[in-house]
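There are 2 protein chains.
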Amino acid sequence: MIKLSAKLMDIDYRGVMLNREDARKTGVLDGDRIQIINQERGASVQAVVTTTETIIQEGTVGIFYVTNKRLDAKEGETFEIRVADRPVSIDYIKKKMDGGKFTSDETFSVVKDIVNDVLSPGEVSAYITGSYINGLDMDEIEYLTRAMVSTGEQISFGSHPIVDKHSIGGVPGNKITLLVVPIIAAAGLKIPKTSSRAITGAGGTADLMEALCPVSFSADEVRNMTEKAGAVIVWGGATNIAPADDRIITHEYPLKIDARGQMLASVMAKKYAVGADLVVIDIPVGEHAKVRNPEEGRKLAREFIELGERLGMRVECALTYGDSPIGHAIGVNLEVREALKALEGANIPGSLIQKSTSLAGIALEMAGKAQNGEGGKLAEEILKSGKALEKMKEIIKIQGGNPDVKSDDIVPGSHSYDINAPESGYVVELNNSSLITIARTAGAPNDHGAGIYIHKKKGNHVKKGEPIFTIYADRPWRLESALETGRRLMPVIVEGMMIDRIPSDYWRNSRQL
Amino acid sequence: MIKLSAKLMDIDYRGVMLNREDARKTGVLDGDRIQIINQERGASVQAVVTTTETIIQEGTVGIFYVTNKRLDAKEGETFEIRVADRPVSIDYIKKKMDGGKFTSDETFSVVKDIVNDVLSPGEVSAYITGSYINGLDMDEIEYLTRAMVSTGEQISFGSHPIVDKHSIGGVPGNKITLLVVPIIAAAGLKIPKTSSRAITGAGGTADLMEALCPVSFSADEVRNMTEKAGAVIVWGGATNIAPADDRIITHEYPLKIDARGQMLASVMAKKYAVGADLVVIDIPVGEHAKVRNPEEGRKLAREFIELGERLGMRVECALTYGDSPIGHAIGVNLEVREALKALEGANIPGSLIQKSTSLAGIALEMAGKAQNGEGGKLAEEILKSGKALEKMKEIIKIQGGNPDVKSDDIVPGSHSYDINAPESGYVVELNNSSLITIARTAGAPNDHGAGIYIHKKKGNHVKKGEPIFTIYADRPWRLESALETGRRLMPVIVEGMMIDRIPSDYWRNSRQL
Numbered sequence: 006m007i008k009l010s011a012k013l014m015d016i017d018y019r020g021v022m023l024n025r026e027d028a029r030k031t032g033v034l035d036g037d038r039i040q041i042i043n044q045e046r047g048a049s050v051q052a053v054v055t056t057t058e059t060i061i062q063e064g065t066v067g068i069f070y071v072t073n074k075r076l077d078a079k080e081g082e083t084f085e086i087r088v089a090d091r092p093v094s095i096d097y098i099k100k101k102m103d104g105g106k107f108t109s110d111e112t113f114s115v116v117k118d119i120v121n122d123v124l125s126p127g128e129v130s131a132y133i134t135g136s137y138i139n140g141l142d143m144d145e146i147e148y149l150t151r152a153m154v155s156t157g158e159q160i161s162f163g164s165h166p167i168v169d170k171h172s173i174g175g176v177p178g179n180k181i182t183l184l185v186v187p188i189i190a191a192a193g194l195k196i197p198k199t200s201s202r203a204i205t206g207a208g209g210t211a212d213l214m215e216a217l218c219p220v221s222f223s224a225d226e227v228r229n230m231t232e233k234a235g236a237v238i239v240w241g242g243a244t245n246i247a248p249a250d251d252r253i254i255t256h257e258y259p260l261k262i263d264a265r266g267q268m269l270a271s272v273m274a275k276k277y278a279v280g281a282d283l284v285v286i287d288i289p290v291g292e293h294a295k296v297r298n299p300e301e302g303r304k305l306a307r308e309f310i311e312l313g314e315r316l317g318m319r320v321e322c323a324l325t326y327g328d329s330p331i332g333h334a335i336g337v338n339l340e341v342r343e344a345l346k347a348l349e350g351a352n353i354p355g356s357l358i359q360k361s362t363s364l365a366g367i368a369l370e371m372a373g374k375a376q377n378g379e380g381g382k383l384a385e386e387i388l389k390s391g392k393a394l395e396k397m398k399e400i401i402k403i404q405g406g407n408p409d410v411k412s413d414d415i416v417p418g419s420h421s422y423d424i425n426a427p428e429s430g431y432v433v434e435l436n437n438s439s440l441i442t443i444a445r446t447a448g449a450p451n452d453h454g455a456g457i458y459i460h461k462k463k464g465n466h467v468k469k470g471e472p473i474f475t476i477y478a479d480r481p482w483r484l485e486s487a488l489e490t491g492r493r494l495m496p497v498i499v500e501g502m503m504i505d506r507i508p509s510d511y512w513r514n515s516r517q518l
Numbered sequence: 006m007i008k009l010s011a012k013l014m015d016i017d018y019r020g021v022m023l024n025r026e027d028a029r030k031t032g033v034l035d036g037d038r039i040q041i042i043n044q045e046r047g048a049s050v051q052a053v054v055t056t057t058e059t060i061i062q063e064g065t066v067g068i069f070y071v072t073n074k075r076l077d078a079k080e081g082e083t084f085e086i087r088v089a090d091r092p093v094s095i096d097y098i099k100k101k102m103d104g105g106k107f108t109s110d111e112t113f114s115v116v117k118d119i120v121n122d123v124l125s126p127g128e129v130s131a132y133i134t135g136s137y138i139n140g141l142d143m144d145e146i147e148y149l150t151r152a153m154v155s156t157g158e159q160i161s162f163g164s165h166p167i168v169d170k171h172s173i174g175g176v177p178g179n180k181i182t183l184l185v186v187p188i189i190a191a192a193g194l195k196i197p198k199t200s201s202r203a204i205t206g207a208g209g210t211a212d213l214m215e216a217l218c219p220v221s222f223s224a225d226e227v228r229n230m231t232e233k234a235g236a237v238i239v240w241g242g243a244t245n246i247a248p249a250d251d252r253i254i255t256h257e258y259p260l261k262i263d264a265r266g267q268m269l270a271s272v273m274a275k276k277y278a279v280g281a282d283l284v285v286i287d288i289p290v291g292e293h294a295k296v297r298n299p300e301e302g303r304k305l306a307r308e309f310i311e312l313g314e315r316l317g318m319r320v321e322c323a324l325t326y327g328d329s330p331i332g333h334a335i336g337v338n339l340e341v342r343e344a345l346k347a348l349e350g351a352n353i354p355g356s357l358i359q360k361s362t363s364l365a366g367i368a369l370e371m372a373g374k375a376q377n378g379e380g381g382k383l384a385e386e387i388l389k390s391g392k393a394l395e396k397m398k399e400i401i402k403i404q405g406g407n408p409d410v411k412s413d414d415i416v417p418g419s420h421s422y423d424i425n426a427p428e429s430g431y432v433v434e435l436n437n438s439s440l441i442t443i444a445r446t447a448g449a450p451n452d453h454g455a456g457i458y459i460h461k462k463k464g465n466h467v468k469k470g471e472p473i474f475t476i477y478a479d480r481p482w483r484l485e486s487a488l489e490t491g492r493r494l495m496p497v498i499v500e501g502m503m504i505d506r507i508p509s510d511y512w513r514n515s516r517q518l
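Chains as they are written, first to last, in this note's numbering: chain A, 6 to 518; chain B, 6 to 518.
Heads up, some of the hints might be wrong.
No copy is singled out in the list; a pair is fine if it fits within one copy or between any two copies.
[Unchecked claim] Simulated crosslink set (DSSO-like; lysine-lysine; CA at most 27 Å straight-line):
no., residue 1, residue 2
1, Lys-30, Lys-295
2, Lys-402, Lys-469
3, Lys-99, Lys-295
4, Lys-106, Lys-261
5, Lys-12, Lys-74
6, Lys-382, Lys-117
7, Lys-30, Lys-79
8, Lys-79, Lys-12
9, Lys-261, Lys-30
10, Lys-411, Lys-261
11, Lys-117, Lys-261
12, Lys-100, Lys-261
13, Lys-99, Lys-261
14, Lys-30, Lys-468
15, Lys-106, Lys-30
16, Lys-100, Lys-295
17, Lys-261, Lys-398
18, Lys-382, Lys-79
19, Lys-304, Lys-261
20, Lys-469, Lys-346
It is worth saying that the hints were derived from the structure and are not from the lab.
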């Protein structure tokens, strides 16, 4: 144990820096953890060490901003430094790497240490890689779900049922939440929907909703607003609900892995934490979607259903067509305008209304608001009657937005360019990732006006010189970049529809076969 | 692409910091890579991004010290920022995670990106974890060895053979290199020995040698000194030989993993890079050693031999007793004094001289300096004749130390305490990790005087009140701590000896069985 004088480092990193000599004296290496202690005022925190030869002099400990929020050190204050106990969660990670199985307590220990920044990035990565390669069985997935829930905030409601929905991501233009949530709430059900921002997409539901009203609320506010308006559509990242999920995604993202067990746990933890009883999961299936074929989709559906049962939630899944954009619009304002138009009663042909009412219909049937097979029809009636629009205005109002907003108020970027058909004929496919690339190049999701409007979808005939799609941007140079990207693309458009529906007892029936 | 003004961050980290808004505009997340470009002066580097809401204002890019060594930005200089291509090595890491096999090119790409800091800690950890779980076959281990060699400096000598030796670590008091190297060199062979510092032990060979002379040299200096003196004993970390090894070990260390393939590659890369033809590998075997039983040891030996053949090096392995310290001394000065005493001709009973001459003897036989079965005897003669001591003085001198040093000049710490036998009887075992813990608590390896001297080893009878071992320290409070630790330990001592020897054709013979 040695005594060092604090040097505050005004960088919002976690951890501390030691001079290499002091690190050797203490017996720690880069990545080790030390305990920093001032016994007089009872301050003591654990932190990961980085060593340096130049920046921090011997006798000094550099303390980064985030770590100092917990320690509250003053410049020059003296601290005792000693090697911290190695977190036992590392042994559990090692056990998984060696093919072992996590217990409930071990899972909780790992997740807690991830949330509290006790584990280093390399250790979190080893956890994710080990779980990815050796897999998690359903027991371990249940433990992970419960650990993700209990290390964050939870909501509970006085009355039930509470409904929730989730779409597996990756399909462009998937603004259906803006229709599904108000339809379900307009039928008298509660649905406290937390959504994400776009990571690799052109606009997450939270990005879309932000064009209409604030989306950052605490878990308490989510509960109170849902009690009053029946529904909210908020950004999950602001709520501290299942906070481990964000840390895990950060590590999965560069490796492009979407470990099945962690994905199941992360989706269901967020549902469980908001107190949901009835959950509808939308699983887009397609060659270019995350789930490649219906068999894979059915397997995933069975897993969602089983995990739901273990947690006391009833889950139904819909396999939907995932190889084509939903509706015609991609990008924040374009999508919000299209969703509002549908709520206002415009007769938009195709996938948007069909997919939204199908999914909402499943929830209505599960909650007993419609007979089996009648939910979609009821959802469509609620939409056509204007009740869903009224509910959406209520939601926008309670979240602090302008409830009198109309679809025509939400305008795409002022810079646009039509991509015209070079020949007459039937339009060919546009692949999801190309569309997303063009929209992002145009500025989506940060520039709300940026995006793509698709005029001709699959089966549509187009004459030479007619527009196939239009690119919008808020800034001219971004339009230029998007055009370059767009001209290289071969447009291929197919229409989205539901392929299959998996009821919650499918799994049990199929087991009996 | 956006333009940002440079803010220099005087912290010797790698990477850049972006305000979260600028990161969103650029389309990058924490852990993504950006290209930072000043086209006018042709400057362009890649760096991993950390985002912040507070420290870096919009319009500014914070550049850390290590990254700026390559970029040479001035405060306020304007840079273009754009998303960098995702390193293709990440796809190869992903492939290994999915059970694939690395090609030679893929291995090189991963190792190069590790050495050049293109991969983030999480990505390097995923590589190590994936290789650990899914394993590397002998082809992949060969590729890894070659990649580790070619991403660092190499030495080549005008005359051959070049001899080298390596001990798998973990056995306390293993100062045999200080005997083996001068014996081999005294026989007229060249041995450019690179060694490591203690990571978790009480003293690495580089730490020991540093008590006698400088140990940090470039690869060129290592070659030149070896050409002149026949041998060196230097710190490998200073040479830039197989630099990937350090980065990989840093990640393995907290997880306590020692992935077989990476260990084989790392040992053999260092031998190959110094131009070795003949290599002796010491594999300590024992319940408390890294290799638990002789079968495991023979398997590892076969792998070393096969890898050597693929690289054109002849390898022989010795399985040695690994459950007990080598000799009587643990800790820098105590071990150096013991080694010098042996070189000076003192008749130290037991494992130190036996093990050193056995291993040196294998090298002498391989190089044709002795008939098979006669190498150990020749080694002992060289040691007893004083020629090894003369050679050691030559090595110390060429590395810049005092060649007239005597064992009695190297003194243990001035604070010491005897641990006495509580009862009469035969001493029981001291386990390796307990001994190392006591020595480290006493200050080893940083305090050169700190360590343990073991008076009674296995089979020795000790009377009540006689000392079993003595703890030494340079500082009184460290002695106190070590005493507390030592009093809790049950001493158990066994004597070290060679269990088996594996010649280079063993593997082929055993295959024919």
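Now for the hints, and whether the structure bears them out:
no.	hint	in the structure
1	Lys-30 to Lys-295	between (51 Å within a copy, 26 Å between copies)
2	Lys-402 to Lys-469	neither (46 Å within a copy, 86 Å between copies)
3	Lys-99 to Lys-295	between (29 Å within a copy, 16 Å between copies)
4	Lys-106 to Lys-261	both (24 Å within a copy, 19 Å between copies)
5	Lys-12 to Lys-74	both (14 Å within a copy, 24 Å between copies)
6	Lys-382 to Lys-117	neither (45 Å within a copy, 60 Å between copies)
7	Lys-30 to Lys-79	within (24 Å within a copy, 36 Å between copies)
8	Lys-79 to Lys-12	both (8 Å within a copy, 25 Å between copies)
9	Lys-261 to Lys-30	between (40 Å within a copy, 21 Å between copies)
10	Lys-411 to Lys-261	neither (38 Å within a copy, 60 Å between copies)
11	Lys-117 to Lys-261	both (24 Å within a copy, 21 Å between copies)
12	Lys-100 to Lys-261	both (24 Å within a copy, 11 Å between copies)
13	Lys-99 to Lys-261	both (22 Å within a copy, 8 Å between copies)
14	Lys-30 to Lys-468	neither (78 Å within a copy, 37 Å between copies)
15	Lys-106 to Lys-30	neither (38 Å within a copy, 42 Å between copies)
16	Lys-100 to Lys-295	between (29 Å within a copy, 17 Å between copies)
17	Lys-261 to Lys-398	neither (37 Å within a copy, 57 Å between copies)
18	Lys-382 to Lys-79	neither (65 Å within a copy, 65 Å between copies)
19	Lys-304 to Lys-261	within (21 Å within a copy, 36 Å between copies)
20	Lys-469 to Lys-346	neither (29 Å within a copy, 95 Å between copies)
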